[in-house]
Every structure is written in C-alpha cells, then in structure tokens.
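Visitor: Heads up: the protein sequence lines correspond to chains B and S, in order.
Terminal number for the first sequence in full-length UniProt numbering: 345, no gaps in between.
Terminal number for the second sequence in full-length UniProt numbering: 88, no gaps in between.
Be a bit skeptical, because a hint or two may be false.
Computed list of lysine to aspartate or glutamate pairs in EDC-like fashion (alpha-carbon distance at most 16 Å, straight line) [unchecked claim]:
no.	chain 1	residue 1	chain 2	residue 2
1	B	K270	S	D64
2	S	K4	B	D187
3	S	K4	S	E78
4	B	K270	B	D128
5	S	K4	S	E77
6	B	K270	B	D129
Far from chain S by the CB rule (all over 12 Å, computed), these chain B residues [to be verified]:
no.	residue
7	P127
8	V131
9	V183
10	V260
11	G329
Hints listed in this document are in silico derivations from the structure and should not be mistaken for laboratory results.
Ideal Cβ placement from N, Cα and C applies to all residues, glycine included.
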Amino acid sequence: MDTLLQDKEPVTIPSVSKPTNGHMPVSNLSEDAEPEAMQAQNGRALPSSPPAEGTNPQTVQPGKDGVEAVKGFKLRESQVLSESELGKLYKAPDTSKLRDIGEASYGILAPDTDDTLPPKAATVHGPDDRVQITNTTIYPWRAIASLLITARDGSQWIGTGWFIGPHTLMTAGHVVFIKNSGVPGRDGWVRSIQVMPGRNGSSLPFGSVTSTNFRSVTNWTNNGDQNFDYGAIIIPTNLGNTTGWFGFGVYSDADLLNTVGNISGYPGDKPGGTQWFDARRIAAVNSRKVYYDIDTAGGQSGSAVYRIVNGARYAFAIHAYGGATTNSGTRIVQDVYNNMVSWKA
Amino acid sequence: MTRKPHIISGHVHEPNGRPAVGARIYFLAAPVAVADMALVTDQHGQFTLPAPASGTYQLGCTADGFAPATVTVDVAEEDARVEIELRR
Chain B
1 MDTLLQDKEP VTIPSVSKPT NGHMPVSNLS EDAEPEAMQA QNGRALPSSP
51 PAEGTNPQTV QPGKDGVEAV KGFKLRESQV LSESELGKLY KAPDTSKLRD
101 IGEASYGILA PDTDDTLPPK AATVHGPDDR VQITNTTIYP WRAIASLLIT
151 ARDGSQWIGT GWFIGPHTLM TAGHVVFIKN SGVPGRDGWV RSIQVMPGRN
201 GSSLPFGSVT STNFRSVTNW TNNGDQNFDY GAIIIPTNLG NTTGWFGFGV
251 YSDADLLNTV GNISGYPGDK PGGTQWFDAR RIAAVNSRKV YYDIDTAGGQ
301 SGSAVYRIVN GARYAFAIHA YGGATTNSGT RIVQDVYNNM VSWKA
Chain S
1 MTRKPHIISG HVHEPNGRPA VGARIYFLAA PVAVADMALV TDQHGQFTLP
51 APASGTYQLG CTADGFAPAT VTVDVAEEDA RVEIELRR
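For reference, chain B alone in the conformation it holds in the complex (with noise of 0.2 Å):
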C-alpha cells in the first residue's frame, strides 16, 4: 500500500522509460509550466502501480471470481468462457487492419481498411446487467469520478475518472483532448473538467475541484489514433488521499483472458450522476486495445477497467468505445503504464 502524501510533501517523481511509438506525453500547459513528472525519466518500470484505499476507507471486500460484490449484481455464467471457445466467438482484430484514426470518436475514417468493426454499433449488448452503486462514499466507487467536461467551444460532456494519485485521476484521450470532431472551434485540448469523486445524483459527498491541467499522447492529439486514446487530469488538492486511488498494471494476453474486468462509471442513459457497475469476462485482447461485453453508455469514457488481485484494485485498461459485440478500451502496456507512473502525483 502506499503512503499517502500530505499536503505540503514534494510530489515524489518516479522513474521511467523513455516513451516510444506515439506515446511521447503531452500536456496543455505549456513547456515552461510543464511539471517535473512530465518530463521523461531514465530508469526501470515496475510492472504494477499499488493501490491505496484513502481515509477511513470502509472498503468493500470484493465476491469471488475476480468480480465486486455488489447487490444485485451477478455475472453470467454464460459469459464465463473458455479461451478456446473465446476464440471462436471474438477474433481479436489485428492492429494492422484496424482504422487506426480516431474514426470512432470524432471522425477521421482511413479509407480502403477491411471492415473490422460490425455495421451496428451498441453499448449495451443484450439485457442491460448495470447495477447502480447506492454507496458511493467507500472505497473503491469513490475512487470514481463524473466528470463535466467543458470543450474549448463551449460545449460541455459527462465522462469518467478514476484516481491513480492524491493529484491525478486518468480517463480517456478523447476526454481531455478533443480530435477531428468536425465542429468549428471544439477540436483541442477541453478548457476544463470539473472533478466529482464518488457522485451520487446531486450529492457530492467529496465536493468537486476543477482542472485545466491535463496530458494526454501524441498518436491522440496529433493522430487521433484510438489506440492511443488515453489521458489524465490533474487536479489542484491532493483529494486522492481521501477518496483512495486505483493500482495499475501490465498483464500478458493469456492473463487478461482470464480475468473479469470490472466497469463502474457514470453513463449519461441513466438519472443524472449515478454511478453504475456492470463486469463481465474479458472477450479478446490485441497489443494496444482490450475488448469486452460489460455493458455501458456514453458518459462512461475514461472508466478504469480492472481486475481483483488478492483483494485490491488493479486497472488494465482505460474505457473509450462502444462497439457492435464488444466494448472496448485502451490497453495499459509498458509504454502506457511508463506515462501513468510519470503523470501520478
């Protein structure tokens, strides 16, 4: 567990590789006011960033199977799958085949690509298994944000956040930096995000802090990749202490298929700022993108999809897409974890 910072600590910064491939970090602010973290770190990552539970936590033990016990809440046995029958019902895109521009979320379309993708795309597959969270004042719902996004044009969104650190809380790409939306003067980075830990309809049990500080990857807001759709805010106070924060990790193919991953975000089909959860088996994996049929709605963008390990919290991907058979979100590997490790605060 880590030690929680107070709030007049130096922020600690880690040590990390140099990002490569389209995952060099940027920020909105500009280079002089860049903050240490950002800069890259020479030095060895660790596999996995720890958890912490915050004040006075009353953390909910997790079910069996990987799987957050919430009332009502049941996985179905149906969608426990072998990896062989995995197989047969989702073939993982290959990353060469896929649109790799941000077609999905604000519209640059690479022409002359195979179809990968369904010509129906839902969010929620089947019957909806979305249980609300009642109590979001303990570990680890409060550790989740709603979001209220304002774009450079005016214009505001509901997302998702979860927090990594006491200042930091990570989301999705399109969240922070907006790409290709076609629409005069939204395009860019959002003017601010107002933070609401642990939302429950018009209640705030945390409050609520406003950011303009934001970073995000090149391939996003220079491409529009979507295999880079990953970003975080960084906050003023150091309100990750109190609500705790989410571990993260990198993980091998053959162990996310047979993990649960675990959703619970704020989607905008249901009353105003309640948070729900829904889990479900994960149904492939590529080497940027995680796909899965837990089912959610927009607003639920940036959510931390994670995995029970002995007890506590770990995320391995950072929820961005609505798809025809499956969901999707950002894988976290090396390179995405590097960043993550340099943007905690």
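Take the given structure of chain B and dock chain S to it, following the hints.
Guide: Chain S only, in chain B's frame:
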C-alpha cells in the same frame, strides 16, 4: 485521404415547448464504434454531435424528470438535424 465527419445537430424540448437544458445525448447505435461520451444540451436545448461515418445512427436522450427518448437518423452525404420532444 481522410474525410471530415458529418454533423448531427439537434434541439431538445419539453412537452410545453421549452428548451430542455442539460439533457444528455448519446449514441445507442452507430455504423462504427463510437466514443462513449455523452453531450449535454446547452441553454437553448441545442446540441451538435460528430457522425464519424455515413449510415444510420440511433441517439438516446435522457433528462431527469422525463422518460428516455430515442431518435433514429440517417446520415448520408449531408449533415443531419433532429428534433427531440421529451415526455413525462
């Protein structure tokens, strides 16, 4: 070669004709995978969403105090506009 996305713009109003401010608009179905964001209608009940590809989109609209609404819109060569009326 890349293509600029089409735009789905729209207006949401209450049964009495007043603009629905703060309603949440999101994709329920789309021809391609879409970002899992939801847009909030502005002070005039207006919204503008990018449609990444030509095809049929189903939009959902949720506002507290009203029943969820859905609307289906075909986006071909031109931008599309929709009107959504909320019901209690």
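Visitor: State for each hint whether it applies.
Guide: Status of the hints after comparison with the structure:
1. For the given pair, B:K270 sits about 9 Å from S:D64 by alpha-carbon distance, which is consistent with the 16 Å threshold.
2. With a CA separation close to 13 Å, the supplied pair S:K4 and B:D187 stays within the 16 Å bound.
3. Only pairs whose Cα atoms come within 16 Å are accepted, and S:K4 paired with S:E78 is accepted, the gap being roughly 11 Å.
4. Of the pairs offered as hints, the one joining B:K270 and B:D128 holds, with about 12 Å between alpha carbons and a cut-off of 16 Å not exceeded.
5. For the hint linking S:K4 to S:E77, the alpha-carbon distance of about 11 Å falls within 16 Å, and the restraint holds.
6. Restraint check for B:K270 and B:D129: satisfied, since their Cα atoms lie roughly 13 Å apart, inside the 16 Å limit.
7. For B:P127, the shortest C-beta to C-beta distance to chain S comes to about 15 Å, beyond the 12 Å cut-off, and the non-interface label holds.
8. For B:V131, the condition that its CB be more than 12 Å from all CB atoms of chain S holds, with the nearest at approximately 18 Å.
9. The non-interface label for B:V183 is inconsistent with chain S: the shortest C-beta to C-beta separation is roughly 5 Å, within 12 Å.
10. At roughly 20 Å from the closest C-beta of chain S, the C-beta of B:V260 stays outside 12 Å, upholding its exclusion from the interface.
11. Not every CB of chain S lies more than 12 Å from the CB of B:G329, the least distance being 9 Å, so the non-interface label is violated.
Going through the hint list in order, the structure does not satisfy hints 9 and 11.
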